[in-house]
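From just these sequences and the hints, can you work out the full model?
Chains as they are written, first to last, in this note's numbering: chain A, 1 to 457; chain B, 1 to 411.
Please note that the accuracy of each hint is not assured.
As the list claims (entries may be wrong) - The list that follows gives simulated cross-link-like pairs (lysine-lysine, DSS-like), each with its CA atoms no further than 25 Å apart:
| id | chain 1 | residue 1 | chain 2 | residue 2 |
| --- | --- | --- | --- | --- |
| 1 | A | Lys258 | B | Lys84 |
| 2 | B | Lys6 | A | Lys265 |
| 3 | A | Lys265 | B | Lys269 |
| 4 | A | Lys441 | A | Lys395 |
| 5 | B | Lys6 | A | Lys332 |
Just so you know, the hints here were simulated from the structure itself, not pulled from any lab data.
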Amino acid sequence: MLSKSLIAKFAEIAGKNVWTEQEDLMCYAYDASFGEMCVPEIVVKPETTEQVCSIVKLCCEESIPLVTRGAGTNLSGGTLPVNGGCVLLTTGLNKILEINTEDMYAVVQSGVVTSDLALAVSAKGLLYPPDPGSMKMSTIGGNVAENAGGLRALKYGVTGDYVMGTKFFDMEGNAVISGGKTVKMVTGFNLSGLMVSSEGLLGVMTEHTLKLVPQPQSSRSMLVIYDDLMKASVTVSEIIGARITPATLELMDRFTIKTVEEAAKIGLPTDADGLLLIEVDGHPAAVEDEYAKVKSICEKQGGKVHVAETPEERDRLWEARRKALSSLARLKPTLILEDATVPRSRIPEMMQCIKDITSKYSLTVGTFGHAGDGNLHPTILTDKRNTEEMLRVEKAIDEIFASALKLEGTISGEHGIGSAKAKYLESEVGAGTIRFMKKLKNGLDPKNLLNPHKMGL
Amino acid sequence: MDELLKELHELEEMMLQCMKCGTCQSDCPLYRTDGRESSVARGKISLLQSVYEGRIEDAGRILKHLDQCLLCTRCLKACPSGVKTDEIFLRGREILRKIKKLPKWQKLILKTAMEKPELMAKMAPLMHMGLKFGSKKIKDGIYRPMLPALGGRNVVEIKSEAFVKKYGGLNKAENEIMRVVFYPGCAVNLIYTEWGTAVVEVLRHFGVSVYVPETNICCGIPAASMGELEMFRNAVRANFDALAEYRDAKYIITCCPTCRYGLYEMGPKQTGAECPLEVVDILVFLEETLKVKIQSGVRGRSTIHFPCHYQDSKKELVESFVRTHTDTEYVKLDNQSCCGFAGTFSLKYYERSKGFSRSKIQEMKDKRTDKVYTPCPGCAMQLADAAAGEGLDAEVTHPVTELYEFLRKIK
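And the structure:
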């Protein structure tokens with residue numbers, strides 16, 4: 001519990017946007033990950049960067065842990081206030097400051113909702129490519145902090161590839177400016193690069209300059225149905241091997257298809273063993289050429305190709321894919337989503353591993369993911385009240401990550417480490433890297449106040 | 001308290017389906033204005049869970065958060081996990097209402113409205129007079145009451161004679177092709193009586209005889225939204241019993257989507273009883289069953305506000321109704337959020353609710369529309385208040401009234 005005088009100091013900074021009642025605090029004790037609730041001591045929603053600066057300084061002086069939170073849609077426990085303290089909401093910083101169509105960049109505050117930016121940019125004939133599944137809710141600040149991926153990441157890359165500059169406050173409240181509006185800029189350390197994937201451990205970001213690109217002139221979307229999931233996996237490697245980079249190349253297994261169809265009712269083939277959602281985009285001539293090649297590769301593997309004829313049909317397909325994760329939550333009380341990622345050519349091997357692990361521990365697992373970039377989301381359906389099953393779940397997760405690393409992959413493609421995956425980090429990056437990260441964190445935040453204990457730091 | 005925890009626990013299976021993914025944020029009108037978790041479904045579910053898991057001791061404290069919900073069901077429709085948010089929040093309010101009782105005067109008004117419908121109808125002339133004497137006339141049919149408790153709200157006139165008093169019984173059509181029951185609901189019975197007239201007369205014109213119940217029993221939704229779920233269930237049962245009497249009627253017609261939602265969707269879920277006939281909105285009935293083809297020749301620039309409880313699948317039908325049955329130039333509103341009326345929400349949180357409707361009126365001003373159609377009397381009251389408040393001289397009405405005016409002229 002914070003003292004009354006301390007609460008008054010927060011109120012002096014942010015006025016009525018300060019909450020300390022039990023019921024308000026309980027609303028920030030979770031995020032979208034599976035985990036125990038962690039209750040903060042105070043929640044504050046600044047509306048100006050000056051307020052952010054003052055809050056950071058106050059937390060520093062009074063040694064209050066500080067967790068920055070956007071929409072709280074993250075899936076790795078990154079915004080859980082494990083040490084209590086202050087949750088700083090960025091939702092009050094929600095202005096799009098500039099969309100520059102000549103130099104093709106946008107400047108936005110951290111709390112801007114991703115799809116609001118995407119729509120504003122698209123109204124000006126440009127594209128902001130990162131499109132995480134949560135884009136209708138998640139904020140740009142959160143996307144940068146978690147380096148969110150998305151359905152278009154295969155061709156266009158992830159959020160980090162679009163960050164040209166970032167403004168943030170360090171734990172002493174110093175304003176730090178990194179990067180800017182020029183295409184080339186090599187001034188000093190690449191601090192905005194450092195902030196990407198930093199999960200709120202190094203500073204509180206307030207503003208971002210983001211690269212925009214021209215909208216593709218043409219696109220084609222396909223739904224490809226397979227009677228054997230492994231053939232779908234092989235198709236993915238073959239498309240990449242044929243030097244074709246679709247914008248999107250998504251995979252769903254039988255289990256996921258069935259649940260998504262139940263939730264979205266868009267006419268997915270529920271008797272299929274697996275399906276691919278593929279979109280090629282770019283110059284019309286290139287699109288036609290790539291489409292023909294992709295189609296023939298799919299058909300060679302026995303896939304039945306259906307092309308979306310209208311934009312509405314295409315949107316329905318993509319919407320269904322975005323809802324895959326939460327649709328699975330219809331079936332069991334607890335849902336644990338993993339983010340195992342492997343080099344693309346090793347997708348079939350990874351799919352086989354997941355299949356084997358699932359049957360070894362007799363669990364219910366739905367697998368879908370951004371197969372084109374090797375990013376798979378095996379999703380375990382369980383009930384946290386079933387302690388015996390939870391033990392099997394934990395073992396299965398250990399093995400899934402071990403398999404991903406054995407195949408030269410990673411434990412997190414796009415959801416971050418947070419608290420959920422902290423224990424696996426060293427197995428991927430080694431002790432030296434952890435020490436380097438610890439030294440960096442300690443140097444910038446000696447009292448370990450910024451989102452403490454995440455990534456095990 | 002133990003009993004209460006036990007009852008909350010019964011909601012556990014429904015609430016566990018919520019994986020806290022936050023999808024509800026994108027569609028929640030309240031969250032879109034304040035960005036706070038306590039406004040959005042995910043947050044409210046966490047609060048309920050915190051009570052029965054013992055993290056919040058004083059359960060009464062969370063009622064205000066559950067109460068601040070428009071029951072617009074946008075989260076219900078958007079939720080990929082299929083969480084039944086409307087059922088959870090209605091039941092949650094009911095359970096918590098046991099700790100924090102409604103103030104006695106509110107309960108008395110609610111009980112009168114729910115359980116003494118004849119008295120309500122009889123009081124209409126009194127309310128009519130009271131409103132006229134205690135208010136300032138803003139424009140025809142719109143008054144600003146002097147009572148400070150109403151916060152400068154502009155209200156639509158309460159009529160001196162209840163609709164059912166005039167139309168109660170069978171309104172027979174020449175060349176009758178079928179019979180239906182028209183369920184007016186409280187707002188049409190006492191305030192928008194002209195909508196009721198339009199519904200009955202238009203139906204008669206097309207050969208449909210219309211039963212109007214002699215007594216209008218409220219659908220019960222106001223009670224449900226205030227946490228008095230048992231009162232709601234009683235109202236639903238009373239309605240089902242009364243409506244079952246019309247044995248030769250084919251449908252129940254309504255011009256209030258909230259009444260339809262109460263009787264046909266939430267009512268059966270909460271009571272286990274079935275509505276004796278299918279409840280169909282008047283516009284859907286005219287388009288799909290009667291397939292009317294008529295052009296009314298009304299001019300101007302119009303727009304439509306879609307009520308939250310209007311069936312999503314029928315929204316295009318309303319647009320096509322306005323396009324084909326009026327000659328107005330139709331402009332779509334970008335702002336498709338709730339109008340803010342939301343049953344009793346606007347009464348409880350007027351300042352907040354005002355923001356929703358006024359932003360719509362602002363868009364209407366920008367788009368130079370002089371008419372807003374809405375197939376819901378609650379929304380119409382809220383928008384009429386906002387239009388008067390923002391000084392926009394726009395007509396707010398139900399599309400069926402245009403058709404009636406036209407038919408009257410050509411007769």
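Here is what the structure says about each hint:
Straight-line distance between C-alpha atoms of Lys258(A) and Lys84(B) comes to about 20 Å, which keeps the hinted pair within the 25 Å bound. Proposed proximity of Lys6(B) and Lys265(A) is contradicted: the alpha carbons are some 36 Å apart, above 25 Å. Restraint check for Lys265(A) and Lys269(B): the C-alpha separation of about 23 Å stays at or below 25 Å, so the hint holds. For a cut-off of 25 Å, the pair hint linking Lys441(A) to Lys395(A) is broken: about 31 Å separates their Cα positions.
As the CA atoms of Lys6(B) and Lys332(A) are separated by approximately 22 Å, the hinted pair is consistent with the 25 Å bound.
Violation of the numbered hints given earlier is confined to hints 2 and 4; the remaining hints are satisfied by the structure.
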